[in-house]
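Novice: Residue strings, one per chain:
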Amino acid sequence: MPRAMKIKMSRSDRIFTNVNYLFLTVVLVVIFYPLIIVVSSSFSEPQAVISGKVWLFPVGLNFKGYQAVFRYQKIIMGFVNTIIYTVGGTLFGVSMTLLAAYPLSRRDLYGKGILTFIFTFTMLFSGGLIPSYLLNKALGLVDNRMMLVIAGSMSVYNIIITRTFFRSTLSEEILEATQIDGCDDFNFFLRFVIPLSSTIIAVLVLFIAVGHWNSYQTAIIYIRTESKLPLQIILRNILILSQTAALSGDVSLELAFSGMQDLIKYALIVVASAPILALYPFVQKYFVKGVMIGSLKG
Amino acid sequence: MALSYESVHRKRKGIDLKRLKKSWQLYVIIFLPLAFILLFHYGPMYGIQIAFKEYDVTKGIFGSNWVAWKHFDRFIGSYNFRNIVWNTVSISLYSLVFGLPVPIILAISLNECDSKKYKKFVQTVTYAPHFISMVVMVSMVILALSLNNGIVNNIIAALGGTRINFMSKPEMFKSIYVLSGIWQNMGYSSILYLAVLTGIDPTLYEAAIIDGASRMKKIRHIDLPFLIPTIIIMLILALGQIMNVGFEKIYLMQNKLNLSASETIATYIYKIGIENANFSYSAAIGLFNSVINCVLIVLVNQVARKVSETSLW
Amino acid sequence: MKSRKLFGLVSLLLVLVLLAACTQTPTTTGTGTTGATTTKATTTAGTTTGSTTTSSNLTPAGELPIVKEKVELEILIAASDTVLDYETNGMTKKMEEWTNVHINWTMVADAAESKPLLLASGDYPEVFRISMTPEELSLYGGKGVFIDLTSYIDQYGINMKQMFDYDSSVKRGLTIPGGKIVSLPTYSKTYHMTACNKMWVNRTWLEALDIEVPKTLDDFYNMLVAFKNDDPNGNNTADEVPLTGVDVVSWNSSIPYLMSAFIVTDNTPGRYFVQPYTGAVDVVFDKPEWREGLKYLNKLYAEGLLDAECFTQDSALRRQKVESGVIGATGSNAPSAFAVADSELFKAYDAIPPLVGVSGKQQTAYIPSGMEGTSVGFATITSACENPDVAFRWFDLLYSEETIYDNLFGTEGEQWRKADAGELGINGEPAIWKTLEGFSGVQQNNSWYQTLPTFRRAEWRLGEVAAKPENYYLRAGMETRIYDATTLYEPHYNTNVTPHIIYIDESVASEYADTKTALYDYMYTSTAQFITGGMNPETDWDGYLSELKNIGLEDYLRMTQEALDAVG
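Chains as they are written, first to last, in the numbering used here: chain A, 1 to 298; chain B, 1001 to 1313; chain C, 2001 to 2568.
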């Protein structure tokens, strides 16, 4: 290759790389800066937070915000519950999603149009809350921990993206090759599809786990015992209580929270998200290189 | 046995038992999710009729009186109908047009980042805002945009401009909504695309480099084609949700000055709902939304089928 | 084969999970939930639900315990951070001892979100301790979902009748169309809430600039101008924001106070009726005086005297500004809403009396307090209740003077004490009670605080031992401080106002809801625009009026009038 061309390319590549880094840094700053403020504020003096003095580092480093939040003893219980629901729900949801998405991804599935329609129709139309509630009640799911495990675990949205993933990664050649060797669908699914899918499984784990971690609607509707409440509800109640003090005109309540509203708010963000934030780097390890089509081609 | 074009696409009247039999194992695999969907999603489907009835709890869903289009007429005839539907649709489209590309760009950008540590760091940071609850998020936005002390106005003033009272202007509402949404979700939304990009066979890249391709070319000819199926599906799914603008964030960002731009279907239902608990009415509005979503998704899917290999069904 | 086995195992597991989900019995004991199916109605509308089976178990009216043999009662209540655990709560135990009724508490995480579903699905507990709106009371009470309590009130309502005697608007407010009473309210006559739109001014600024407390609209204007120009906070920067507020019309807005000088304006959303009430319902926001008020407010805004963010900011932002020392005045119920307790700024504000209005007199709005739309449906007994007479008597006990301290605070000597001779109450009269050090309404388990009904008379509330004079400007002195503030307003309000609790007839409920929502949205937006300059009170007023008419102002007034006349 002529030398001149080589230099030209690396220069354009260098420009590209620099611009890329610049872009990422801008994005990082724009997103990171407010987050720093949130974290710093959560460790600051209430007075400093209220008057807006925290602009980078904690002012008057202390743990009052966290103390206020953890005084709510129900938080520990909420944490435990959420972990149960998240772990259980993720196991359940990922399995169900894979079981649904694989057959739908097979172009030779007889009736796949109808099946796909059956699934996707539910994304658009639903019977509504009342009939669902009555059905779930009849099934004994009211005030039942299981409800929080299975609710929302299987979303058609996830099934669709998984199906897309399967279609892109699993070429028909692989299937045919194994079929020649006498491999049937069950075998293929368990011995080839699952192992090759660690990337999409990782994505599903993340999406479903996060969904469970953040959820509160289902608990509001179905739970009748305080000890079963997930973390988000507990936190939400604390937040609402501290914020509505100002709206309710309840002077004694306002005084009880006086000065702490903002601090509590920020400490709550940290408490609510820290555990799940740790999940992503962990899950990201499973993003496997090279699973996309091309594994059989040269 | 190679799958011939015919064996896959042949149309036959009635159920082709032979081919059905061939797929029996796949049916077993899909059995549980199918049963789940049928039970939990189709089981309650009869409730759609509430939209056409005057729901009376003492009579139950089946016993309530049939009123046909009454609720739809009420909604379509309501004072602000055009405005709230327009707001809902335009907010959705605006979010889509700007919200779809940004995570893609971010994913590509991260993929091109050579430093693994930096890449991981940026990823974790950008994914964090997704977990901030809406209540807190909106109060952060209001604070950041505040006239005299907000960081945005401070920057504007430092650059010599005049301060802007952002939240008071209806014309800025949608932009604030969309931009803050991008801020909050771009990291989380980029994960899927990043997963796809990570999965691309490295030998393809090596081949490209040998062929003398620059990074830009590489992105255009390798990355993007691999991303296209996912992008198309995301686009179709998003358009199928076009009427479903979330309630909470809008409601929190609304104030008396920006109402003309910020009143959406969901907030309207909420306000009416406070006055009288009318389930039939909200069911009818929900059905109205669903039908529009459905029409749109079918249309877009058809277009996708013609234009690309990827489509929803 | 192996893969099939594995596959079979996984499927079995998933099936087991689903089965486990569906067959687990719920752990709450609902002693009366009849879990309606979709077709069968649970309510037996019209049937007398006064069960005769327990009448032999009941003790005579007024006696305790209520029943000879223990009876269970289910109450559905929202989980709150006020009470740690209802099961083990101090007041719960006491009530069980006194009444021989055991309460099974069913909890919901969020009352507002669960309520519509619970009502619509037919899934009723025996008692709802979730606030029902007047619309819900009328709708479900009319159908018999909430049972008629009138006969119980006659037979057993010793304390409730005293509430009726104390405040004649209570019985009227409780009576739904058709004459039934279907709910148990909570009543708390709060003196300082009767004048909610107070104006608080920075006393230190007045002193620094040697200005007197403004008496007229012009005085007020001049004060604001001085605040803006003369650097009252002494930092050589023109950072002063003379007047701020939150929202257009709310407890924390500055608009109602100033507007009242033109036409008396209630600061409660949705309640802009002319005061005093002449028998004919009318609103204030289409009157010429309102227009004049808009012009005045617009002038304040245009000259930078009214905070440009007053309609877009929330309480948190206002508090930030106050604590930064830049706010001259703001409307609010109490300083606890806009300042941090015990800070320098918390101490700096004093309420000022109503301004002399265009009528030549001081005028201000009256807010009844006592029983509001939010408290009229505080608790309801449903058709699913097995022992409604017992349930009623149980609640009636909570309205008595004997149970109030245990209900609200806890045990004598631990959470509260009786006042000593010589101690004065907030109103300057001999005091009655005081909470003790360490009592808090948050995260406690000694009492129900305010989560169950009470009957608190105004004099009783004001009978709390007043704080020491040196604590006047601190959090301990808040009650006294806002009492004093209210005394500035009391002489000028007229207590004859449009009834607050309005039951709209079901046949027009939809039209009413649509019209009212559209009307108020338009009114709020227009008011905000008139003030900020988006609309001009000179040129756009007629267009505004005709649009109000177009939306249906007259229909709104007519329907409201009909509703009020129906109750009589």
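Don't read these hints as lab results, they were simulated from the structure. The beta carbon of each residue, even a glycine, is placed where N, CA and C say it ideally should be. Do not take every clue at face value.
Some but not every residue of chain C turned toward chain A, in silico, with C-beta under 10 Å [what the hints assert, rightly or not]:
#1 Ile2482
#2 Leu2545
#3 Leu2548
Quick look at which bits of chain C chain A covers, simulated, 3 or more residues with Cβ under 8 Å [as the list claims (entries may be wrong)]:
#4 2078 to 2084
#5 2332 to 2338
Novice: Now tell me, hint by hint, if it's right for this structure.
Specialist: Now for the hints, and whether the structure bears them out:
1. Using the Cβ-Cβ criterion of 10 Å, the hint placing C/Ile2482 at the interface with chain A is satisfied: the shortest such distance is roughly 7 Å.
2. Annotation: interface hint on C/Leu2545 violated; nearest CB of chain A at approximately 32 Å, more than 10 Å.
3. A distance limit of 10 Å between C-beta atoms decides the matter here; for C/Leu2548 the minimum to chain A is near 28 Å, and the interface restraint is violated.
4. Under the rule that three or more residues need a Cβ within less than 8 Å of chain A, the assignment of the region 2078 to 2084 of chain C holds, with 4 such residues.
5. By the rule of at least three residues with a Cβ nearer than 8 Å to a Cβ of chain A, the coverage given for the region 2332 to 2338 of chain C holds, with 4 such residues.
This entry does not satisfy hints 2 and 3, going by the numbered hints stated previously.
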